[in-house]
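J.: Each protein sequence line maps, in turn, to chains S and L.
Per our numbering, the first sequence starts with residue 1378, numbered consecutively.
Per our numbering, the second sequence starts with residue 97, numbered consecutively.
A few of these clues could be false.
[Stated by the list, open to error] Derived list of chain L stretches under chain S, where covered just means 3 residues or more per stretch with a C-beta under 8 Å from a C-beta of chain S:
no. : region
1   : 132 to 139
2   : 144 to 151
3   : 162 to 176
4   : 201 to 215
These aren't lab readings, by the way, just hints derived from the structure by calculation.
These numbers were taken from a predicted model, which means no experiment stands behind them.
For each residue, glycine too, the CB sits at the ideal point set by N, CA and C.
Chain by chain, the residues:
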Amino acid sequence: MKFIFDSDTWQEIYGGIRKNKTRTVITIIGVLWGIFLLVTLLGASRGLENNFKNIFGDFATNSVFVWSQRTELPFKGFQKGRSVRLTTNDVEILKREYKEIKFIAPRSQSNSAITRGFKTGNFNISGDLPVLDKVQKKDLVYGRFLNENDIKLKAKVCVIELEIYEQLFDKNEEPIGEMVTIGNISYKVVGVYKNGNISFDGSAAYIPFTTFQQVFNRANRISWMMITANEGVDILQMEQDLLLTLKNIHKVDPEDKKAFGSANLAVEIGKVTGFLTGMQFLTWFVGIATLIAGVFAIGNILLITVKERTKEIGIRRAIGASPIEIRRQVVLESVFLTTVAGMLGIIFGGFVLYLLDYFLGSGPDPTLVNPTVNIPIILFAFLILIVLGTLIGLIPAYMATLVKPIDALRDE
Amino acid sequence: MIRIKNLHKSYPIGKDSLHVLKGIDLHIKEGEFVSIMGSSGSGKSTLLNIVGLLDEHDEGEYYLNGQEIKNLNEKKGAVLRNKFLGFVFQSFNLISYKTALENVSLPLYYKGVSRKERQKIALDYLDKVGLKDWASHLPNELSGGQKQRVAIARALVTQPKVVLADEPTGALDSTTTDSVMDLLKDINNEGMTVFVITHEEEVADQTKRIVRLKDGIITSDTINVQRKPVKTV
Chain S
1378 MKFIFDSDTW QEIYGGIRKN KTRTVITIIG VLWGIFLLVT LLGASRGLEN
1428 NFKNIFGDFA TNSVFVWSQR TELPFKGFQK GRSVRLTTND VEILKREYKE
1478 IKFIAPRSQS NSAITRGFKT GNFNISGDLP VLDKVQKKDL VYGRFLNEND
1528 IKLKAKVCVI ELEIYEQLFD KNEEPIGEMV TIGNISYKVV GVYKNGNISF
1578 DGSAAYIPFT TFQQVFNRAN RISWMMITAN EGVDILQMEQ DLLLTLKNIH
1628 KVDPEDKKAF GSANLAVEIG KVTGFLTGMQ FLTWFVGIAT LIAGVFAIGN
1678 ILLITVKERT KEIGIRRAIG ASPIEIRRQV VLESVFLTTV AGMLGIIFGG
1728 FVLYLLDYFL GSGPDPTLVN PTVNIPIILF AFLILIVLGT LIGLIPAYMA
1778 TLVKPIDALR DE
Chain L
97 MIRIKNLHKS YPIGKDSLHV LKGIDLHIKE GEFVSIMGSS GSGKSTLLNI
147 VGLLDEHDEG EYYLNGQEIK NLNEKKGAVL RNKFLGFVFQ SFNLISYKTA
197 LENVSLPLYY KGVSRKERQK IALDYLDKVG LKDWASHLPN ELSGGQKQRV
247 AIARALVTQP KVVLADEPTG ALDSTTTDSV MDLLKDINNE GMTVFVITHE
297 EEVADQTKRI VRLKDGIITS DTINVQRKPV KTV
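Modelling step: build the complete structure from the supplied sequences, incorporating the hints.
T.: Right, dumping it as structure tokens:
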């Protein structure tokens, strides 16, 4: 292997490559394109993945949402089409029966005008417990979220979304401690939060659950509930069990599919991650296939080169080059070209990812977040490239050794 | 130096075979200046290829520097060519993208001589053929005679036992032919065995021994007494 570090070997290869600038450039472009695509696609798909992670990041992913509708089957003397209502009682029962429940958040929602001085707007109003912040993390800009004290005291406080703040307040105005009117009742603003990419409540003002039930006259009726399970719990199984328990409480046929609606966040996210996995597979497939095509192009061009250089190879043989030396030179040329092309491709790919990040990765709603490719993946692709370059170089190298000096040097 | 006994060579042409060399006996001693004369098809190029280890003989014996050449593999052939033989071709066969100096030093590269040493030796030999000032020129910047002189320098650079020249003046005009022949004579005068193949009488006349080949057999082998005097350059 000493020859690899011999400057003379490289001098010879440099000579051969320099002589054929056009073919060298064309050859390099083939492989460069392959690895460029691989790097860029992998980085872009990673960026998309990161973006999805960001979107779902605010949620506890093993969560189930449950709401009530109308029955579709008659049961125990009840007609079908009866509307059922979830209550705080259900919440208590579920909390008691299921030890695997980590958080359970009853939700009561309505909408109403929110007014401050001469400014007003219609927004969603949501009655919530502090636990909501655990199920769906609130990104607070000012102040705090609702706390247990607010619940206990049925305090007239609210936490408003940034958009509400922007509509009701002047720019940079301090909102904390200011009063806003929601349906004739004044509330003190204790916090301002900012919605993430996914929001179930829209631009909502959160007021204490207990306050909401009283003000909107809901007694113990709630709109829906969010349930988060402990880590490692089979959330799909739990969803089925919860629904059965609720059907039992509300005297609904266990086979009734309409009475309660539910959505499982894990399933929804699974769909997206499945899509991402598919996309990554596609990226690898396309990238590797392009790489192979590029390497074959190198082999092909070297083969032509060997034909072109028959005479030169003949001369070298006549003045004492052994077949191994000739073969070595062709293989090294192939490896060298693939290596240079690979490096350039990686650099270009990195540059394009940088541009993607610059143009699509910033701002309030980025398409790609941190589009990067892991170094080990790059090294792996690079290694594959060099191995392929060597293997493909062996073909023209073998052809080169078939050149007989006597045939090559025969004068026409 | 070169001893050939009853050498036969035939080439397959379709189902038949063409018998090119039909029993050649030739003994060339060290320091001789021999020309092989013959018209095209006489088998002189085949003989040179076999002597130059570029081709293998079918029958007979061939000793190069006392070593019998038999069942030579490519690798061994390359080593022997590099060590014992220097080639000069009709069409020069210089590598077009290498400078004169690089062309001359290439055999030393395959011999495994270090870069610095190579440059030095190659420059010495270029000086010897009078082209030291042209060392950094590419072959297409040189005239035919200059190219052939570079090729001769390349043939000599490994200090071979024999210089094999295949129609060395075939592509040159008469003036340059003379200068190239003078160079070969000088080399021979320094003790080198020179083996020239030609179909030109004027070229053969300048060698010390003329072997005439016709239809694969030697028809005459004479010492050339009326050798033209070496021109003073």
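J.: A separate judgement is required for each hint: does it hold in the structure or not?
T.: Taking the hints in turn, this is what the structure says about them:
no.	hint	in the structure
1	132 to 139	violated (count 0)
2	144 to 151	holds (count 4)
3	162 to 176	holds (count 4)
4	201 to 215	holds (count 6)
Hint 1 from the list above is the single one not met by this structure.
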